[in-house]
Structures are given as structure tokens and as C-alpha cells.
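*Asks:* In the order they appear, the protein sequences are chains V and S. Numbering of the first sequence is given in this note's numbering, commencing with residue 1 and proceeding in unit increments. Numbering of the second sequence is given in this note's numbering, commencing with residue 1 and proceeding in unit increments.
Keep in mind that the hints were calculated from the coordinates and are not lab data. The beta-carbon is built from N, C-alpha and C at its ideal position, and this holds for glycine as well. It is possible that some hints are incorrect.
[To be verified] No more than 30 Å apart at the CA atoms, straight line, and that leaves these computed lysine-lysine pairs for DSBU-like:
(1) 150/S <-> 104/S
(2) 150/S <-> 110/S
(3) 451/V <-> 110/S
(4) 451/V <-> 19/S
(5) 19/S <-> 255/S
(6) 104/S <-> 141/S
[Stated by the list, open to error] Pair by pair, the computed Cβ-Cβ distance ranges are:
(7) 351/V <-> 260/S: 35 to 45 Å
(8) 258/V <-> 261/S: 43 to 53 Å
(9) 156/S <-> 351/V: 38 to 48 Å
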Amino acid sequence: MSPFALLFLIAGLGLIAWLTARARAMRFDRGGAKRLHSLPSQHGWYVAMWTVLPALLFLAVWGSVSPGLVREAVMQHPAAKQLPAFDFEREALLGEASRIAHTPGAKAFDPLAEQLAEPTRAAEKRYGWTGTAAAILLAFAGGAFAFTRIRAGFRARSRVERAVMLILLVASLIAILTTLGIFLSLLWESLRFFGQVSVFDFLFGTHWSPQVIDPADPGASLGAVPLFWGTFFIGAVIAMIVAIPFGLMSAIYLTQYAAPRVRRWMKPILEILAGVPTVVYGYFAALTVAPAVRDLAVSLGMTYASSESALAAGLVMGVMIIPFVSSMADDSIAAVPAAMRDGSLAMGATTSETIRRVLLPAALPGVVAGVLLAVSRAIGETMIVVMAASGAATITLNPFESATTVTKQIVDLLTGEAEFDSPKTLAAFALGLTLFVVTLLLNIVALAVVKRYREAYE
Amino acid sequence: MTETAPAPANDTGHKMSAKNVNVFYGSTQAIRDVSIDIDMDHVTAFIGPSGCGKSTFLRTLNRMNDTVASARVEGDIRLDGEDIYSPSMDVVQLRARVGMVFQKPNPFPKSIYENVAYGPRIHGLAASKADMDGIVERSLKRAGLWEEVKDRLSDSGTALSGGQQQRLCIARAIAVDPEVILMDEPCSALDPIATAKIEELIHELRGRYAIVIVTHNMQQAARVSQRTAFFHLGTLVEYGVTDDIFTNPRQERTKDYITGRYG
């Protein structure tokens with residue numbers, strides 16, 4: 001039975017359980033002292049959960065266990081003795097056997113795989129049916145167990161409530177566990193990298209040229225400082241010089257000056273800016289802004305002006321971040337109690353004096369937090385710099401010169417043919433880990449600032 | 001008390017006078033045809049049930065309703081005979097002359113000193129640091145807060161107790177030397193002891209400013225005011241000497257409200 005059909009069947013069993021349990025619970029409802037503690041439909045949910053959840057849980061476990069069982073069964077076959085001892089080749093053969101087992105009429109490159117196809121098919125079939133039967137049995141057993149518990153006084157309501165809470169808890173844990181998993185896998189690959197290159201060389205080295213690596217001393221050409229500088233220069237300096245003033249001013253205009261009618265139009269348009277795919281910003285940066293910036297540089301007398309300047313990427317990134325800063329600033333200005341504003345206006349202050357002297361100082365922590373989050377977004381931004389920034393790792397203060405970023409280098413290192421155990425490729429993971437840690441810290445600091453600020457007004 | 005009922009409105013002699021004022025929020029009318037005179041050296045209390053428009057009317061006196069986009073004011077309101085809604089009236093100047101204290105104490109998240117110095121700074125009233133120190137000290141003294149805070153002027157204004165915060169707000173309002181002070185239920189967020197202090201303060205300030213106070217508390221109106229105006233459903237039902245209003249109301253509705261039949 002296909003997994004899809006099985007799930008459908010279990011869902012159907014759940015529905016039947018719900019209906020019968022509800023009907024049974026209704027029969028208990030006689031009114032007076034014998035009234036049901038819970039609504040009939042809650043009894044229905046209780047039994048349905050007992051029918052569906054154990055079966056699903058079992059299938060989830062079975063899904064991870066059964067491939068191992070199949071493998072073991074196949075290895076029992078006499079032909080398996082001829083399998084090569086080397087891991088890689090053995091896996092390839094077994095994989096091929098499994099493929100032939102699933103596609104009728106397929107031929108194998110290796111006759112050994114063909115010999116193993118039949119036992120594989122048999123084992124998969126056997127364990128498939130075992131799992132299906134066990135799941136259905138479990139569904140019936142769970143349903144029957146719950147069904148027998150239906151009584152007038154049975155507290156199905158609170159049990160369902162607790163089950164719902166557990167389901168929600170698991171759902172929220174999945175996001176957290178995924179983050180943890182990402183972090184661990186990054187950490188694992190990075191550790192492999194740092195086994196070959198010293199942490200010190202990587203973090204403080206100023207020479208970055210991964211295309212030419214001396215096998216004797218890989219650390220000498222994998223110093224990431226130029227990348228950190230480029231990332232900081234483009235994402236935290238140039239982009240913020242654009243995003244902070246414009247974001248802040250648009251937030252002030254929208255919260256303090258704009259008529260409700262103007263605000264109703266302007267705010268969504270600003271938010272559309274946040275919804276533009278970054279690859280579109282990338283085109284814009286590479287095709288429109290970069291040539292303009294280069295022409296400007298040439299007219300300023302810089303003959304060496306690059307068409308992949310830090311300025312072009314940073315400017316466009318700043319524009320991308322404007323709605324982000326604006327909406328954070330908007331929120332924190334709006335969170336300043338209206339009484340504060342009224343108090344200032346009643347003293348005879350003008351709107352702009354009120355903003356400068358009362359609203360902005362009070363909203364400052366929120367604005368700072370918004371800027372930190374914006375920086376963390378900007379330095380993690382990839383598409384714009386891949387398309388508009390240069391690959392040359394230079395440390396420069398001149399915005400018209402080319403600069404590269406961590407994200408751009410990660411993409412460069414991982415595209416094209418690459419061995420997955422060379423320092424060059426593994427460097428991408430170390431860069432990723434660094435970026436992850438930095439943005440994580442920025443976010444934590446920003447959230448802490450926001451939290452302290454919120455408490456100040458309680 | 002030997003007060004006489006206020007004379008009919010004319011533009012001379014009264015600190016503020018309102019004639020035939022209507023206020024609208026969008027299409028709903030909050031104030032209907034209210035005429036009233038406010039005099040120096042008096043405390044005028046506005047009483048009435050919730051939603052009767054007394055706060056709305058108070059806010060028309062220093063144009064704080066301007067901050068509400070949908071609000072519209074009709075009629076004639078004069079300060080020393082000058083129409084405060086005429087285009088030539090500068091709102092900044094008006095609010096410097098007609099100060100306001102709000103229902104909930106709203107000190108700025110700045111130091112005590114900076115809270116009081118806020119208005120004088122905006123209006124350029126102090127030429128030097130010494131001048132400003134003088135203004136801050138004088139205002140805090142008048143607000144009866146000086147003794148409690150003189151050693152910690154650099155502490156945050158929001159760290160004070162509720163009653164102290166409200167007196168700080170009063171100090172902030174009188175720092176710009178207004179002629180009229182509007183108080184919108186200034187004690188409703190305070191405990192009885194803090195309330196008593198504010199009432200005492202209102203007594204002391206009375207000789208210097210025209211004070212208008214909105215209150216829910218009829219005993220408070222009787223205690224602090226010389227004149228009382230009773231609002232109901234956006235209209236001014238009765239206005240007169242406080243003693244008369246409380247002992248001998250002329251209108252049936254006033255009597256019902258004062259005796260607690262509704263409100």
C-alpha cells in the first residue's frame with residue numbers, strides 16, 4: 001500500500017472514530033446529575049486523536065527504522081557476499097539494486113545489482129506490509145481503548161486541550177530543532193575546515209585567494225578579513241547611510257504628519273518595496289545603478305573606477321532595507337504613549353520640536369533595535385552582492401572601488417565543480433558559521449534592547 | 001461666599017470667553033452651543049457624567065483638539081478679547097499662555113530638571129543657565145515639589161510617585177508662566193493623599209492664574225472651585241457660583257446629578 005493511501009486510510013479511521021464516539025457520548029447524556037462533563041464532539045476528538053496519533057507516531061518511527069531492516073535482509077542474501085568492502089561502491093550497488101527493484105524492466109550496469117534486486121524488492125514488500133498492518137492495528141487498538149473510556153464523568157475536554165497543547169508545542173519545537181540542526185551541520189563542516197586551517201589564519205588573515213591555494217599552507221590564502229571588511233562596508237556602512245535616514249524620516253512622516261488618507265496609500269507601497277524579490281534588486285544594482293556609479297566615478301576623475309563598486313551594491317541594499325527600518329521605527333514611535341506627545345504639544349511645542357525632543361528620545365531604543373536587525377539582514381543578503389559586487393577581495397575605504405562580501409564568496413566557493421573535503425570548499429562553511437554567529441548575536445542584542453524598552457513603559 | 005453669578009459674556013473683563021461653541025468629531029456633535037466665561041483669580045470646575053463633553057470643551061480652550069484630525073470647532077472663543085481660532089493666532093503662543101495638565105501624569109522620560117525646563121527652552125525664556133535654574137526652582141516651589149526633589153533634580157521624572165509626577169506636570173505647565181491652566185481630571189489617577197496635595201496646590205495657585213478643572217468628583221469641585229459648570233449630553237446645563245450650584249441648583253437635571261440620581 002502506498003504511504004499516501006495509508007495516511008488516507010488512517011484519516012478515514014479517525015473520522016469514523018470521531019463520529020461513533022460522538023454518537024456514543026450523546027447516548028450517555030441523560031440530563032440532570034448524569035450530564036456529560038464534556039461536549040459529545042470533545043469525546044469524538046479524544047477518540048479520534050487516540051486513533052490517529054499513535055498510528056502516525058509509529059509510522060514516523062517505522063519510516064526511519066525500516067530501511068535498516070531492508071538492508072539487513074538483503075545482506076543475508078548469498079549474492080551480497082560478493083559486495084565490495086569499500087563503502088562508496090557498496091552503497092552505489094545497493095542503491096542501484098533498489099532502483100531496479102522499483103522500476104520494472106530496468107537493466108543494471110552491474111549484474112550483481114541485478115541479483116540483489118529481487119531480495120531487495122521482497123524485503124521492502126515484507127517490511128512495507130508489516131508496517132502498514134501494525135499501523136492499522138495500532139489505530140484500532142488506540143481507538144478501542146479510548147472508546148471504552150467514554151463515560152458521563154470522563155473529562156475529554158481537558159484531555160483534548162492538553163493534547164492540542166502538546167501538538168502545538170511539537171510544532172514550535174520543530175523550528176527550534178531545525179535551527180539547532182543547521183547550526184550543528186555548519187559547525188561540523190567548519191570543524192573539518194579548522195582541522196586543516198588554523199582559526200587564527202582564517203579570522204585574522206588579510207589575504208584571500210581561494211583559487212590559488214598552497215596545499216602546504218592553505219591558511220595563507222584563506223584569510224577572511226577582506227571579506228568581513230567588505231561585508232561590513234557594504235552592508236553596515238553604505239547600506240545604512242541610505243536606509244537609516246530615509247527609513248526614519250519616512251516613519252516620522254507617516255506617523256506624525258501624514259493625513260490618514262495619505263498613510264493608507266503610502267504604507268502599503270512602502271511595504272511592497274520589502275516584498276520585491278532580492279534578485280530583482282540584484283538586476284537593478286548590476287544593470288542600472290552600477291554603470292551610473294562608474295560613470296560618476298569617471299567624471300570625478302577616477303580612471304580606474306570599477307563597474308562592480310561597493311557603492312552600487314550598498315546603495316541598492318540600502319534601498320531594500322528602507323521599509324525594514326521604517327516599519328520598525330514606525331512601531332516604536334507609535335508605541336510612545338500619546339500622552340507624551342500631547343504633553344509636549346500642550347506646552348506649545350511644534351510637531352517637529354515634539355518629535356525631536358520627546359518622541360525620538362523615547363523611541364530611540366526601538367529604532368536602534370530596528371537598525372541592528374536591518375544590519376543583520378543586510379550582511380546576510382546574498383543576491384544583490386552576487387550580481388553587483390565584485391569577487392576581488394580588497395580592503396578599501398573608497399566606495400567606488402570593488403569590494404566583496406562573505407555571502408558572495410560562499411556562493412563562489414560552492415558553485416562549479418568542487419571537492420567536498422578541500423579547504424577551499426570547506427571555507428564556505430566556516431564563512432557561513434561566522435555569518436550565522438554574527439547575525440545571531442545582532443538579533444539577540446536587538447531583541448534584548450526591545451525588551452528592556454517595552455518594560456520601561458509598563 | 002459672597003460671589004455673584006458671572007456677568008453676561010462680553011469681550012472685556014473676562015480672561016476667556018466662549019460664545020456659541022459647537023464641536024464635531026466627524027459627523028457626531030460632541031458640544032452644542034456652549035457659552036461660558038472664565039475669569040482670573042477663580043477656579044472654575046466642569047462637572048458632569050462621563051461623555052458629557054466637559055473634557056472636549058476644555059481642550060478647545062487651548063486648541064488641543066487640533067491634534068485630532070476629525071475634530072472641528074465652531075463658534076467664538078476669546079482670550080483677552082482675541083479670537084484664538086483666528087488665522088492670526090499662533091498656536092504655540094496660545095498654548096504658552098493657556099497651559100494644560102492631563103488626567104494621567106505624563107512626565108517626559110527625562111530628568112526632573114529637564115521636564116520643568118522643557119517649556120522655557122522651547123519658548124526661549126531663559127537667557128542663561130542661572131536663569132533656567134531660577135525658573136526650575138521657582139516652578140517646583142510653586143508646585144510644592146521643591147523640598148521633595150531638590151537633591152535629585154537629575155533623576156528621571158518617571159521614577160517619581162504618581163502624585164509627585166502630577167505635581168511635576170503642574171510645575172512643567174507653570175514654568176512657562178501661563179495665564180490660564182486647564183486641568184483635565186488631574187486627580188483621577190491618584191490616591192486620596194496625593195489628591196489632597198493637588199487640591200491644596202490648586203488653592204495656592206488660584207491667585208495667580210485662571211484655573212479650569214474638569215472633575216468627576218463633586219466633592220472635589222465643591223472644595224476647590226468658586227464657579228461650577230454642569231455639562232450634560234454636550235450642552236452646558238447650568239453655570240454659576242459653586243455654592244449655589246450645590247445648594248440651590250436652578251435646573252432639575254443639575255439637581256438630579258448632584259444628588260446622585262444619575263451620572
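*Asks:* Take the hints in turn and mark each one as holding or not.
*Replies:* Quick rundown of the hints versus the structure:
1. 150/S <-> 104/S: Holds, at about 23 Å.
2. 150/S <-> 110/S: 16 Å, holds
3. 451/V <-> 110/S: With Cα atoms ~20 Å apart, residue 451/V and residue 110/S stay inside 30 Å; holds.
4. 451/V <-> 19/S: Distance of about 50 Å is beyond 30 Å: violated.
5. 19/S <-> 255/S: 25 Å, holds
6. 104/S <-> 141/S: 21 Å, holds
7. 351/V <-> 260/S: 35 to 45 Å: 43 Å, holds
8. 258/V <-> 261/S: 43 to 53 Å: 47 Å, holds
9. 156/S <-> 351/V: 38 to 48 Å: 25 Å, violated
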